[in-house]
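Trainee: Spelled out, the chains give:
2 protein chains.
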Amino acid sequence: MLFFTQCFGAVLDLIHLRFQHYKAKRVFSAAGQLVCVVNPTHSLKYAPTLCAAAQTSTEQGILPPCHHHEAVHDPQLVPCMCPLFSCPWEGHLEVVVSHLRQTHHINILQGAEIVFLATDMHLPAPTDWIIMHSCLGHQFLLVLRKQEKYEGHPQFFATMMLIGTPTQADNFTYRLELNRNQRRLKWEATPRSVLECVDSVISDGDCLVLNTSLAQLFSDNGSLAIGIAITTSKVHNSEAEM
Amino acid sequence: MLFFTQCFGAVLDLIHLRFQHYKAKRVFSAAGQLVCVVNPTHSLKYAPTLCAAAQTSTEQGILPPCHHHEAVHDPQLVPCMCPLFSCPWEGHLEVVVSHLRQTHHINILQGAEIVFLATDMHLPAPTDWIIMHSCLGHQFLLVLRKQEKYEGHPQFFATMMLIGTPTQADNFTYRLELNRNQRRLKWEATPRSVLECVDSVISDGDCLVLNTSLAQLFSDNGSLAIGIAITTSKVHNSEAEM
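First to last, the sequence lines map onto chains A and B.
Just so you know, we're using the UniProt record's numbering here: the first sequence kicks off at 1 and counts up by one.
Just so you know, we're using the UniProt record's numbering here: the second sequence kicks off at 1 and counts up by one.
None of these hints come from the bench; they were simulated from the model.
Straight-line C-alpha distance at most 25 Å; calculated DSS-like pairs for lysine-lysine:
id: 1; chain 1: B; residue 1: Lys186; chain 2: A; residue 2: Lys149
id: 2; chain 1: B; residue 1: Lys149; chain 2: A; residue 2: Lys149
id: 3; chain 1: B; residue 1: Lys149; chain 2: B; residue 2: Lys186
id: 4; chain 1: A; residue 1: Lys149; chain 2: A; residue 2: Lys186
id: 5; chain 1: B; residue 1: Lys186; chain 2: A; residue 2: Lys186
id: 6; chain 1: B; residue 1: Lys149; chain 2: A; residue 2: Lys186
Partial chain A-side listing against chain B, Cβ under 10 Å, derived:
id: 7; residue: Lys149
id: 8; residue: Asp170
id: 9; residue: Asn181
id: 10; residue: Arg183
id: 11; residue: Arg184
id: 12; residue: Leu185
id: 13; residue: Trp187
id: 14; residue: Gly205
id: 15; residue: Asp206
id: 16; residue: Cys207
id: 17; residue: Leu208
id: 18; residue: Val209
id: 19; residue: Leu210
id: 20; residue: Thr212
id: 21; residue: Leu214
Backbone N, C-alpha and C fix where the C-beta goes; we use that ideal spot for every residue, glycine too.
Based on the sequences and whatever the hints tell you, model everything.
Mentor: Now the structure itself:
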């Protein structure tokens, strides 16, 4: 009997997953887009001390690279970028991807355009949704975070980071797109490097920011579909002049 | 001597204005776009009681039409939409435009695509920047507001409203676009009718929302250029299905 109950549960889960995929595909109807269902994890590592120095200076409007562990002397050493755990790991850029996959079981997706379907948006802050995205010969980390910057008013912050150096990151542009309920919101920017700090990017608000009511308007049954595209950046003449 | 000083001041102002136009045109380089420099006005009518009922119900996630003055029984009667003044005027839709032009000296611009250049973004909240936009046979009202939803944390809210009925508004889509510093933010939505309430749209956050640091990143020398485009809306298949 228990066996049948479990089987039935598994079938229901599969149907639910299939249905979520279908919905996300319907929203972003471009052919060949990969839909990734991303489950939330309640953040244990909230407002980490790692980036305290960076956060203080960014509040004054400057965007310095993040100062990591005081003990880190090699600037190419990255502390664990996964904001989900207070993970003591640190290592070189080359092994960040395998650490995130193996230790934190973060999925990695292939393809220039994918749909990130974050489930259970109603969960209380702090909560994170994370995937890695392999594209154009590099790996990127997409972080969606629900956080209460102002007490009692949770907001959603989404940003993309290159698992590479700031110089490499400058070669790319990422786009995050929400599209539902006759509203469309697009954010385009150069990804930051994971050598900078995801926490300072988010506390800065230099990313896609959604308040709860907008997030509700863009959500479907508690899930938020974010279309992601990465391109190699072309320097716009108008911007280059500035 | 005073005459020469004043003349010199006027010439400096003209040069400054010309320079701002030039900068805005450089950001939005599409040919034929009209640039409108919009000066701020410190809002005297802040958190008006007009919309208190609507705000309470929208906090619960519903978006009702705004309940205007208790004394208004004709639903087509609009109280003065200009958020700058606690203006006791109310009248029918047909005379809203002439009231805003004549009494509040709000500019009206022609053209499908214009650039709204809001100056002096550093001024303290509450502050408004307003223009009217005549396009596709209708008049629209663009409101940019700096407001402290959370004390000590001013945010910018931008929305477009049709000076017409909600049914007429459903036929259009407006787009607001910011583009600077290798970042681009686009908001597309159906305009709301001025029969609804600009205050409730903004308190809802159902509009383009910018925190101060993002507004700084998109600003140039204290001025924020917002590209505006209005089109007749096409019902997207994917959205129609939902």
